[in-house]
Amino acid sequence: MGDESLWTIFINASLVNNFVLAYFLGICPFLGVSSKLDTATRMGGAVTFVMLVSSICAFGIQALLVAIDAPYLKLISFIAVIASTVQLVEMFIKKVSPALFRSLGIFLPLITTNCAILGLALFQTNKGYSFLQCIVFALGAGVGFTLALVLMAGLREKLELAEVPDVTKGTAMALMIAGLLSVTFMGFGGLGG
Amino acid sequence: MATPTKSSTDEFIKGLWKENPVFVQVLGMCPVLAVSNTAMNALAMGLATAFVLVMSNIVVSSLRSFIPKQVRIATYILIIATFVTVVDYAIQAVSLDLYKALGAFISLIVVNCLILGRAEAFASKNTVGRSMMDGLGMGIGFAFALFCLGAVREVLGAGSLFGAQLFHDSFQDWVVMILPSGGFFTLAGWLLLFNWLKQRKAKREPTAALGLSKEVA
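Heads up: the sequence lines are chains Z and H, in that order.
The first sequence begins at 393 in the numbering used here and counts up one residue at a time.
The second sequence begins at 180 in the numbering used here and counts up one residue at a time.
Just to be clear, a hint being listed does not mean it is correct.
[Claimed, not checked] Calculated cross-link-like contacts (lysine-lysine; reagent style DSSO-like; alpha-carbon spacing at most 27 Å): (1) 519(Z) to 561(Z); (2) 561(Z) to 248(H); (3) 197(H) to 279(H); (4) 193(H) to 561(Z); (5) 561(Z) to 377(H); (6) 561(Z) to 428(Z); (7) 279(H) to 487(Z); (8) 248(H) to 486(Z); (9) 519(Z) to 279(H); (10) 304(H) to 193(H); (11) 428(Z) to 519(Z); (12) 279(H) to 561(Z); (13) 561(Z) to 380(H); (14) 550(Z) to 561(Z); (15) 380(H) to 193(H); (16) 377(H) to 193(H); (17) 248(H) to 380(H); (18) 248(H) to 197(H).
[Stated by the list, open to error] Which bits of chain Z does chain H cover? Going by a derived footprint, with three or more residues having C-beta under 8 Å, they are: (19) 431–439; (20) 452–461; (21) 467–480; (22) 522–529; (23) 550–560.
[Unchecked claim] So these bits of chain H aren't anywhere near chain Z, every CB distance computed over 12 Å: (24) 195; (25) 237; (26) 288; (27) 342; (28) 352; (29) 379.
I should point out that these hints are in silico values taken from the structure, not numbers from a laboratory.
As the structure is a computational prediction, the values presented were derived from the model and not from experiment.
Beta carbons are placed, not taken as given, at the ideal position from N, Cα and C, and that holds for glycine.
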C-alpha cells in the first residue's frame, strides 16, 4: 500500500471512502452539529486542523514505539496525544484569535472524542503511509468530513421548513438523509484506486 | 422508580430498555453503524463494548475520590484505553477472523461516547456496586441494540443469520443493506419503530396510568 500516489490517497480519503459516509467515523458531531450551515463549516475547519496536527504527531509516535518495541502502548499514547493536541489548539486559538475561539466554543473540546481523529491515526499506521502520504491522507479525510457535514447541514436547513410526519422528526429523519447521502457517495466508487 | 433511592436492579433494567443507549439516547453511533453488517460481528462488538464499559465503570467508581476534578476526563480516557487494549489483544488471540472483520473499530471503542458518558455521568458519582450494575445494563442494552441492527441487515442483505442460510436460493439479496447506507436506513427504521411505540403509548395512557406504563416499559 506504501506506493499509492498522493492524488489517489486524497481522492480516496475525501470522496470514495468518505470518513463519515463510508467508514461511519465521527457520526456524533455529524448528527449533533449539522443542523446549521454556519456551525457545520466551522466545525469542519476545526476538525481538519486537529486531524492534520494529530496525524503528524501520530506518525512520530509510531516511529518512536517501533524503535522502543512497545506496540501495545499505541492506543494509549495516541489518545493522550490527541487529547493534548486539542487542548493545545484550544489555548493557541484563544490567545491568537479570541473571536474565533468564541465562535467555536464547545466544539473544540468535543473533538477529543471524535472517532474520526483516532481512526485517522490508526488507519495511517495500519496502511504504513510515509510522512507526506500521512499529511495528504489527513487533509483528504478533513475535506471529506467537512463536505459531508456541510451537505448534511444544507439538507437539514431546508428540511426545517418541510412538513414531515411526527414520528420521523429528529434523529430518524437525519439518519435517513445520511443513508441517501451515503448511497450518493457510492457513485464515486470508480474514481479511486 | 417511585422510591427516591433506586435499587441496583433498577440501575440494571433502565439500560436495557427505557434508557437504551442506542435507541433512546443515540450514543456511540460509530461502531453501531460500522460493524453491524452481520449478526456475529454486531454481537462480538456489543460484548466487547459491554466488557470495557463494566470494567471502566468499576475502576472509575472505585477511584472516584482520588481523581482530581481538573484532570478527570484525561484519567477516564486512560482507564478506558487500558481496557480496550486488553480486549483488542484478547480478540486477536481468540479469533483472528473476527479480529480482521472488526478491524480498527475495536480500538475505536476508546472514543465511544457512551463509555465516557457513563464514567462521567454515573460512575464518578456512585458506589462500585451500582456502577457495575449500570455498566452491565447499559452494556447489554448496547449489545442488544447492535444485535437487532446486525440481524436485520444480515437477514435482508445476505439472506442468512449467523452464517446459516434462511431462504431458498431464489431469494434476491438486498445488497444495499450490507453497504454502509444500509446501516443508516436500518437504524432509522428502528428509531421510527421506537418513536411510533412511544407515541402510541402516550395516546393510549394520558396521565393516570403513568406508574403502570413505567412498569411495562
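The hints, checked one at a time:
With a C-alpha separation of about 40 Å, the suggested pairing of residue 519(Z) with residue 561(Z) is violated against the 27 Å cut-off. Distance check on the hinted pair: residue 561(Z) and residue 248(H) sit about 38 Å apart at the alpha-carbon level, beyond 27 Å; violated. For the given pair, residue 197(H) sits about 34 Å from residue 279(H) by alpha-carbon distance, which is inconsistent with the 27 Å threshold. For the hint linking residue 193(H) to residue 561(Z), the alpha-carbon distance of about 24 Å falls within 27 Å, and the restraint holds.
Between residue 561(Z) and residue 377(H) the CA atoms are separated by roughly 13 Å; this keeps the pair inside 27 Å, and the hint holds. Between the alpha carbons of residue 561(Z) and residue 428(Z) the distance comes to roughly 16 Å, so the proposed pair stays at or under 27 Å and holds. Among the hinted pairs, residue 279(H) with residue 487(Z) is inconsistent with the structure: their alpha-carbon atoms are about 44 Å apart, more than 27 Å. The hinted pair formed by residue 248(H) and residue 486(Z) meets the criterion: a straight-line CA distance of about 22 Å does not exceed 27 Å.
Between the alpha carbons of residue 519(Z) and residue 279(H) the distance comes to roughly 14 Å, so the proposed pair stays at or under 27 Å and holds. Restraint check for residue 304(H) and residue 193(H): the C-alpha separation of about 17 Å stays at or below 27 Å, so the hint holds. A hinted pair counts as satisfied when its Cα atoms are at most 27 Å apart, and residue 428(Z) with residue 519(Z) does not qualify at roughly 35 Å. Restraint check: the Cα-Cα separation between residue 279(H) and residue 561(Z) comes to about 37 Å, which exceeds 27 Å; the hinted pair is violated.
Note on residue 561(Z) and residue 380(H): the hinted pairing holds, with a Cα-Cα distance of about 17 Å set against a maximum of 27 Å. Only pairs whose Cα atoms come within 27 Å are accepted, and residue 550(Z) paired with residue 561(Z) is accepted, the gap being roughly 14 Å. Of the supplied pair hints, the one linking residue 380(H) and residue 193(H) holds, its CA atoms being roughly 18 Å apart against a limit of 27 Å. Between the alpha carbons of residue 377(H) and residue 193(H) the distance comes to roughly 16 Å, so the proposed pair stays at or under 27 Å and holds.
The suggested pairing of residue 248(H) with residue 380(H) is violated, with an alpha-carbon distance near 42 Å, which exceeds 27 Å. Simply put, residue 248(H) and residue 197(H) have alpha-carbon atoms about 30 Å apart, too far for the 27 Å limit, and the pair is violated. Counting residues of the segment 431–439 of chain Z whose beta-carbon sits less than 8 Å from any beta-carbon of chain H gives 0, not enough to reach three: the coverage restraint is violated. With 0 residues having a beta carbon nearer than 8 Å to a beta carbon of chain H, the segment 452–461 of chain Z misses the requirement of three or more and the stated coverage is violated.
Using a Cβ-Cβ cut-off of 8 Å, 5 residues of the segment 467–480 of chain Z lie near chain H, which meets the minimum of three, so the contact claim holds. Look at the segment 522–529 of chain Z against chain H: 0 of its residues bring a Cβ nearer than 8 Å to a Cβ of that chain, fewer than three, so the hint is violated. For the segment 550–560 of chain Z, the proposed coverage by chain H is satisfied: 3 residues have a C-beta within less than 8 Å of a C-beta in that chain, meeting the threshold of three. With a least CB separation of 20 Å from chain Z, residue 195(H) remains clear of the 12 Å interface cut-off, as annotated.
The claim that residue 237(H) lies off the interface holds: its Cβ sits roughly 19 Å from the closest Cβ of chain Z, which is beyond the 12 Å cut-off. Its closest Cβ contact with chain Z, about 9 Å, brings residue 288(H) to no more than 12 Å, contrary to its assignment away from the interface. Its beta-carbon lying about 23 Å from the closest one in chain Z, residue 342(H) satisfies the requirement of being farther than 12 Å from that chain. Interface exclusion of residue 352(H) from chain Z stands, the closest Cβ pair being 16 Å apart, more than 12 Å.
Not every CB of chain Z is more than 12 Å from the CB of residue 379(H) (nearest about 10 Å), against its label as outside the interface.
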